[in-house]
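Engineer: Single-letter residue listing:
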Amino acid sequence: MTAPATQEPLVEMNNIKVAFGGVHAVDDVSVSVDAGEVLAIVGGNGAGKTTLIRTLSGAHPADSGEIKIDGKHVTINNPRDAKEFGVETIYQTLALAENQDAASNMFLGRELRSRWGTLDDTAMEDATRKMMARLNPKFQNFRVPVQSLSGGQRQSIAIAKALYFNARIIIMDEPTAALGPMETAQVAELIIQLKSEGIGIFLISHDIHDVFDLADRIAVMHTGNLAGIVNKADVTKDEVLAMIIMGKQASDVTESDLEELH
Amino acid sequence: MTDTKNPQDLAPDTPPQDPGEGSESSGSGVHSIGDFFRVAEIDTRLLGMIAALAVIWIGFNILSGGTFLTSRNLWNLSVQTSVVAIMATGMVLVIVTRNIDLSVGSALAAVGMAMAILQAEILPDIFGIGSPWIWITTIIAGLILGAAIGLLQGAVVAYVGVPSFIVTLGGLLVWRGVAWWMASGRTIAPMDRTFQIFGGGARGTIGGTWTWIIGIAGCIGVVLLLWNRRRARIRVGFEPRPMWAEIMIGAVAIIAILGAVAVINSYPMPELLARRYAEENNIAWPEGGLTIPLGLATPVLVTIVVALLMNFVATRTRYGRYVYAIGGNPEAANLAGIKTRWTIVKTFMIMGLLVGIAAGVQIARLNAATSGLGTLTELYVIAAAVIGGTSLSGGVGTIPGAILGALVMQSLVSGMVLLGLDAPLQDIIVGIVLVVAVALDSWYRRRVSQ
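If you read the protein sequences in the order shown, they are chains A and B.
Per our numbering, residue 1 is the first one in the first sequence, and the count goes up by one each step.
Per our numbering, residue 1001 is the first one in the second sequence, and the count goes up by one each step.
Honestly, the hints are just simulated from the structure, not real lab data.
Please note that a few of the clues may not be correct.
Restraint ranges, calculated between C-beta atoms of paired labels, are given here [as the list claims (entries may be wrong)]:
{"no.": "1", "chain 1": "A", "residue 1": "Asp-207", "chain 2": "B", "residue 2": "Leu-1169", "range": "44 to 50 Å"}
{"no.": "2", "chain 1": "B", "residue 1": "Val-1160", "chain 2": "A", "residue 2": "Thr-93", "range": "55 to 61 Å"}
{"no.": "3", "chain 1": "B", "residue 1": "Leu-1379", "chain 2": "A", "residue 2": "Thr-75", "range": "44 to 50 Å"}
Below, computed lysine to any residue pairings styled on SDA-like, alpha-carbon distance capped at 20 Å [unchecked claim]:
{"no.": "4", "chain 1": "B", "residue 1": "Lys-1339", "chain 2": "A", "residue 2": "Glu-84"}
{"no.": "5", "chain 1": "A", "residue 1": "Lys-130", "chain 2": "B", "residue 2": "Val-1236"}
{"no.": "6", "chain 1": "A", "residue 1": "Lys-237", "chain 2": "A", "residue 2": "Asp-27"}
{"no.": "7", "chain 1": "A", "residue 1": "Lys-248", "chain 2": "A", "residue 2": "Glu-84"}
On a predicted model such as this, the values are computed, not experimentally measured, just so you know.
Every residue, glycine too, gets a C-beta built ideally from N, C-alpha and C.
Please construct the entire structure, taking both the sequences and the accompanying hints into account.
Structural biologist: Right, dumping it as structure tokens:
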């Protein structure tokens, strides 16, 4: 583990605990992200990655623990609070209203309104067209319900929704799980661009291969606990894989463990 | 289309003018009827319902030997449709949020009974018989009571988490019991003289001139609406609807409005009323009698206002958008920061308000209230919404569709009465039509989504 950065991290999650019934889904986990940094959170199914991150996105409050943004303690009880603090989330399920078109989804909960307080659909469609021209120039189906769109197109709407409102912190839960190689490359490009804009990114995946190249640091979770946080530069994929499977610290992973994996 | 199934096209390389690309109003030409509706942006489902209504009307007209499509019958039809149509607009929103309200018929009885007792037995002692405060207080009380019932049921659904089917099934029993208990089963009559206007009886019409004024205002509204939308689109550089389509839609709407006004105004006052009217206005009674149009009935006017307001709420407000978003994906709506529970409570409250309005119309029409008021109305209201294209799985439904659905239901019932069909046979036919309508609709939806 390296010494913490000299300046305050953009987000700190300290000693987060979440239990469902008697099961500790997340048990005393602390992670942080700096501006312009990508923290990958990896772990097997049920490791608690998504549960941890749902406490930051406001989808499910933590039982205990503390969240700091810019070094200040914040309370996030619901998704509205999270958005107030510039935390945007791209959920694995995409969380789109299937019966609505792209613009309605992009502005859901934050609709543009005319001076009479009515929905300004034209302005919202216009903004959506401009945003999509940047993200996915070939996207043309602006007036159909998103349920009739392809996985890639839906994904780009979910991303547009997160980017439009000037997020400072972006959480991506398995962003490339439903995508083909070409779109995966596009998402990777996008992450690099967002990083250069100083946005802090949480990248969640069950598969180390998806995130290894993009991550600056990698937090490994195992059955609700943090197995360890490593600098990508210090480890190999195999070592991280061993951490994911065995829940050990990187330094404890032995040659024989690695042998076993192969 | 490959791009609806293949997940690997964040950047699909199908050309945008591909007809499968959806409702894009690209400048591509009109090659088929489907293209025509697409370019003109006409809702084909709504059009299908209008066609079905036309078939029903023409069919009954032939079967009844020309008595169905008379101004008298259509005028009556408009009044009879009001109560169900008013409530169906609210039921659409309830069903869109993936809920149901089975209690509206009983709630109508409870609220109607309360309004009747208030104006017939309580308020005259306070304000004196004939005071305008009687009908004003009664209506306000009805709206508050209806909304309170909605608030109570909605809160139990949204915050306690009891399924709406159960909550409103309970409501169906409770409010019916309350309606009986309020008057121990008595019939309360008569209603306040001014209040009766809401029922559309002999005095409850606005007259020929006002009907024309409203019709013309409606035409101006249509033109303004089309023009406004076109301008907004041009302003941000979207391709507007082709000019021929705008003119055609505008023309059809205006002809429909003016046609409806002409039909309504061709139904004259019955002679007895006309004589009284002539006396009151010092008009000499001519040899061949006077033809004075009754004009739009008040309950129909109320229905039109309710429908316009509800359509505005459903399509132009944040609340309306949230209702549809919750129906489409409750989890997504919640994650988008929408207060989903409160939205559902509000929806039930709106339903309750509409029950209050419908109760007022109903007791004014009957000039009485009984505890049996509105029995089975909940089923007609739900059927109207569903025939009008509202999906019971949530997320889909329109206000104009519900109004048309109510009209279809009432046309069937009144047509069968006109033909002298037995009541049990009427029920059988209405039941079959309901199932067939929904079957056709789901077949249509499957075809469109492919």
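Engineer: Evaluate each hint against the coordinates.
Structural biologist: Hint by hint, here is what the structure shows:
Judged by the Cβ atoms, the range 44 to 50 Å given for Asp-207 of chain A and Leu-1169 of chain B holds: they are separated by roughly 48 Å. As the Cβ distance of Val-1160 of chain B to Thr-93 of chain A is approximately 27 Å, the hint placing it in 55 to 61 Å is violated. Between Leu-1379 of chain B and Thr-75 of chain A the CB atoms are about 48 Å apart, so this pair conforms to the stated range of 44 to 50 Å. Between Lys-1339 of chain B and Glu-84 of chain A the CA atoms are separated by roughly 15 Å; this keeps the pair inside 20 Å, and the hint holds.
With a CA separation close to 11 Å, the supplied pair Lys-130 of chain A and Val-1236 of chain B stays within the 20 Å bound. With a C-alpha separation of about 25 Å, the suggested pair Lys-237 of chain A and Asp-27 of chain A falls outside the 20 Å cut-off, and the hint is violated. The straight-line distance between the Cα atoms of Lys-248 of chain A and Glu-84 of chain A is roughly 37 Å, outside the 20 Å bound, and the hint therefore fails.
Hints 2, 6 and 7, counting from the list given before, are not met by this structure.
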